[in-house]
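Engineer: Sequence:
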Amino acid sequence: MKPDCKYGEKCYRKDPTHLAAYTHKKDEKDDEDSKSPPPKPKLKRNKTHELSFVDEAPKKLVKKEEKMDEDDDEAPPKPALKKLRSRSISIPDENEKKKKEEKKDEEEEMEIDDGREDCKYWDKCYRKDPGHFKQFRHPADGKPRKSKRPKSKNKLDDGEVKNVAGGFRLKRIGSHFSCTCIGWKTQKNAPNKRTCKHLREFLGDEYEKSRVGRLPITKEPKAEPTKHFSHLNVSLLLAHKYDEKSIDPTGWWMSEKLDGVRAFWNGKCFFSRLGNPFYAPAWFTKDLPKDMHLDGELFGGRKKFQSTVSIVKTPECDNWKKIKYHVFDAPNLGKEPFEKRMKAVREYFEDHSPQYAEYCKQTKCTGKQEIKDELKKVIALGGEGLMIREPGSKYERKRSHTLLKIKKFYDAEAVVIGYDPGKGRFQGHVGALRCKMAKGTVFSVGSGMTDKDHKHPPKIGSIITYKFQEYTNSGTPRFPTYLGVRIDMDKPKDAELPPLPDDI
1 MKPDCKYGEK CYRKDPTHLA AYTHKKDEKD DEDSKSPPPK PKLKRNKTHE
51 LSFVDEAPKK LVKKEEKMDE DDDEAPPKPA LKKLRSRSIS IPDENEKKKK
101 EEKKDEEEEM EIDDGREDCK YWDKCYRKDP GHFKQFRHPA DGKPRKSKRP
151 KSKNKLDDGE VKNVAGGFRL KRIGSHFSCT CIGWKTQKNA PNKRTCKHLR
201 EFLGDEYEKS RVGRLPITKE PKAEPTKHFS HLNVSLLLAH KYDEKSIDPT
251 GWWMSEKLDG VRAFWNGKCF FSRLGNPFYA PAWFTKDLPK DMHLDGELFG
301 GRKKFQSTVS IVKTPECDNW KKIKYHVFDA PNLGKEPFEK RMKAVREYFE
351 DHSPQYAEYC KQTKCTGKQE IKDELKKVIA LGGEGLMIRE PGSKYERKRS
401 HTLLKIKKFY DAEAVVIGYD PGKGRFQGHV GALRCKMAKG TVFSVGSGMT
451 DKDHKHPPKI GSIITYKFQE YTNSGTPRFP TYLGVRIDMD KPKDAELPPL
501 PDDI
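Numbering (my numbering), first residue to last: 1 to 504.
The reader is advised that the hints may include incorrect statements.
Simulated DEER-style distance windows between Cβ atoms [as the list claims (entries may be wrong)]:
| # | residue 1 | residue 2 | range |
| --- | --- | --- | --- |
| 1 | GLY428 | PRO191 | 34 to 40 Å |
| 2 | PHE426 | SER462 | 15 to 21 Å |
| 3 | SER444 | GLU201 | 44 to 50 Å |
| 4 | LYS303 | LYS153 | 42 to 48 Å |
| 5 | GLY428 | VAL164 | 19 to 25 Å |
| 6 | ASP248 | LEU274 | 33 to 39 Å |
| 7 | GLY166 | GLY428 | 22 to 28 Å |
| 8 | ASP248 | ASN319 | 56 to 62 Å |
| 9 | LYS120 | GLY167 | 34 to 40 Å |
| 10 | GLY166 | PHE426 | 38 to 44 Å |
| 11 | GLY167 | MET489 | 39 to 45 Å |
| 12 | GLU470 | LYS290 | 43 to 49 Å |
In silico BS3-like pairs for lysine-lysine, Cα to Cα no more than 30 Å straight-line [said to hold, decoys possible]:
| # | residue 1 | residue 2 |
| --- | --- | --- |
| 13 | LYS372 | LYS321 |
| 14 | LYS398 | LYS423 |
| 15 | LYS372 | LYS303 |
| 16 | LYS439 | LYS408 |
| 17 | LYS257 | LYS459 |
| 18 | LYS436 | LYS459 |
Don't read these hints as lab results, they were simulated from the structure.
Note that the Cβ used here is the ideal one computed from N, Cα and C, for glycine as well.
Please build the complete structure, drawing on both the sequences and the hints.
Structural biologist: What follows is the structure in structure tokens.
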């Protein structure tokens, strides 16, 4: 039996010799702890509100005893392990795989970018200016965002070109869709923001509305027109007035004078006498020659001059179907006589049969009496008059006596300088146009104006065409009739008449 250490609990010595020679109260506590049973494991409440035991031993599913003897402290029960939920493993069938692939395709279709191209230097780009980052994409921009866009009506793959009605072509490059129609080309928006009726018909209205509406609007400078749409210096053969006393029309070529819009075809586009382009639809011009220039009239019918002008001024309008191009010469064959030029035109038309163009028939005139008879027939049908051409003549790009016009009424051009107030049912609107002739004479013309013309008259400074029977003694036109706005002239021009009275 070892003696107790005199310092008791306050002993601070820890050397083995001292601890072996004396007893301390700590040694008694350690002996009691070694004889006491192990502590009970902590209880944990599971989701089913039943008590289960958790041990650090390897997890194994065991059955929990329903009852435990509370007095049994010496032999604690084996702790139950926490039951884990089992996961079911399913093997996807072919239908599920197909659905996932379709969903993936739809997600790829829905991926759209912000309209920028990838920088060619990509991750090696050293530029830091904001303008460069706005124009090109870099790796730091991340993946293209996804849009909940409706599915397109028809599929157009990347790089694919699709021909549609009217001879136009649709093309897709990445997320950019384009069309060759003038409606798509003349839009002010950025290329990735544009759409047209052909894209809407092919891809669907909902798809295009989503595609164009969700993309950012980027204003770009207006594109310069292409060569065949730019202004062109045009010189055409113009006619003099027929003088019955000095001209014998026997043997001359005769045709009806069409009241339409003069148009020159250069193989690519129509041009007016002033060189302004007329944007005809591709389906209208697809059958016209590419290597032959034509001189003719865009004609919508007799007494339809104003409606013809309205159609011609509207680019790619569907109403172009209401007019036809009547060809009466080939300027680039100008060194050849008239008969050879018209033979070349006639042969082309017989071989290709253009849908919206006609060859203007020419007949040999037998004399002055036939001129009078034919003029009466044309006037009775609502026509304007006749044109006669000298046989064997060449194409002169100026006003020439080889081409003469014959009309019952004279026509001329004047500039609008003001308006006369309306009366009666035109109260509050324009009653007549105040016009000024080339020689300075001022007159008014109201006959021939439609209700629309009275409400929305030609602008001041516009050049109008009018017809009349003759000049009065004061030099003003007698019975003037308004025909319409002249879009191919920029200054007034008086009719060619016999000398006016001396008191004018």
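Engineer: Determine for every hint whether it applies to the structure shown.
Structural biologist: Outcome of the hint check:
1. GLY428 <-> PRO191: 34 to 40 Å: Violated, since GLY428 and PRO191 (Cβ atoms, about 47 Å apart) do not stay within the stated range.
2. PHE426 <-> SER462: 15 to 21 Å: About 19 Å separates the Cβ atoms of PHE426 and SER462, which means 15 to 21 Å holds.
3. SER444 <-> GLU201: 44 to 50 Å: For GLU201 against SER444, whose Cβ atoms are near 49 Å apart, the range 44 to 50 Å holds.
4. LYS303 <-> LYS153: 42 to 48 Å: Since the Cβ atoms of LYS303 and LYS153 sit about 43 Å apart, the hinted range of 42 to 48 Å holds.
5. GLY428 <-> VAL164: 19 to 25 Å: violated, 48 Å
6. ASP248 <-> LEU274: 33 to 39 Å: Distance hint for ASP248, LEU274 holds at roughly 34 Å.
7. GLY166 <-> GLY428: 22 to 28 Å: For GLY166 and GLY428 the Cβ distance comes to about 43 Å; the hint is violated.
8. ASP248 <-> ASN319: 56 to 62 Å: violated, 43 Å
9. LYS120 <-> GLY167: 34 to 40 Å: holds, 35 Å
10. GLY166 <-> PHE426: 38 to 44 Å: holds, 42 Å
11. GLY167 <-> MET489: 39 to 45 Å: Once the Cβ atoms are compared, 32 Å apart, the range 39 to 45 Å for MET489 and GLY167 is violated.
12. GLU470 <-> LYS290: 43 to 49 Å: holds, 46 Å
13. LYS372 <-> LYS321: violated, 34 Å
14. LYS398 <-> LYS423: violated, 44 Å
15. LYS372 <-> LYS303: holds, 21 Å
16. LYS439 <-> LYS408: holds, 23 Å
17. LYS257 <-> LYS459: holds, 28 Å
18. LYS436 <-> LYS459: Given that 30 Å is the threshold and the Cα spacing comes to 14 Å, the pair holds.
In summary, the structure is inconsistent with hints 1, 5, 7, 8, 11, 13 and 14 from the numbered list given earlier, while agreeing with the others.
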